Amino acid sequence: MIRPKALLLDFGGVIVETARRPSWAAELASEVHELLVRAGCDELGVEDVESDILAGARADSYWKDSTSRQFDPEEMTHRRFWADFVATDWPAQARALVGVEATPLCRRMGELRSGRKTRDGMEELLAACWEHGVRPAIVSNALCGAVHRDYLTETGLDRLFAAQVYSDEAGVRKPNPEMIWLACRALAVDPADVWYVGDNYDRDVVCGARAGAGATVLMVSRSTDKIPYRVRQTPQATVEDPRGLLNLLEETWT
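Under this note's numbering, the residue at position 31 of the sequence shown is numbered 31, and the numbers go up by one with no gaps.
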């Protein structure tokens with residue numbers, strides 16, 4: 001394992017643990033329904049809106065799995081998610097309305113859908129990186145990266161990252177190697193001089209290998225075993241948590 005100049009981390013499953021909130025779709029549907037009614041769109045009931053939000057989220061999940069088979073997938077736009085995955089069969093005005101409101105709606109969806117908790121040992125890991133001249137950064141797929149930025153600001157973790165790269169802002173998504181290359185260019189480091197750490201095989205391990213990262217590390221999370229299909233790429237190391245990653249880094253600092 002090389003001594004890295006930068007440590008690139010996935011967000012969900014690595015920096016934070018996430019837990020799905022059971023009421024998220026009903027809460028979001030109520031807000032979307034109010035938006036529609038204010039604009040004079042009264043053809044849809046709140047139950048219809050909730051059903052289509054859940055269907056859109058499920059279809060989006062299938063779409064994400066399919067993109068992991070592409071070499072350089074692009075990210076879905078906020079507008080396409082709402083207009084094509086949620087509101088496909090809605091009246092024209094309703095479909096147009098959620099299309100123009102797509103970005104704040106995606107942000108609200110991200111806020112409501114999951115609770116987040118910083119993984120134990122993460123702050124210690126980040127502090128040690130800075131102490132040893134390793135710049136931490138984020139490289140993450142996201143429906144709305146602004147939600148992740150908000151969390152980091154609220155917890156004070158934002159000051160411990162040199163850069164943040166999110167797929168909805170970049171227009172491409174992992175395993176597209178451009179996600180890692182974007183971070184490398186922002187930090188002025190060669191991909192061969194970084195470690196990339198993620199929790200999924202089909203998105204993260206594949207992305208690190210394609211980008212030519214100096215090392216790709218798999219950090220185990222609740223979603224690690226949810227593999228949509230076998231991939232040939234393998235990580236250089238596997239760790240259980242941020243403390244395990246710190247132990248691995250410390251071996252390169254001695």
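One should not assume that every hint holds.
[Stated by the list, open to error] 30 Å max Cα-Cα, derived DSSO-like pairs, lysine-lysine:
1. LYS226 with LYS117
2. LYS64 with LYS226
3. LYS117 with LYS64
Simulated from the structure, these hints should not be mistaken for laboratory data.
All of these numbers come straight from a predicted model, not from anything done at the bench.
Checked hints:
no., hint, result
1, LYS226 with LYS117, "21 Å, holds"
2, LYS64 with LYS226, "13 Å, holds"
3, LYS117 with LYS64, "24 Å, holds"
Of the hints listed earlier, there is not a single one the structure fails to meet.
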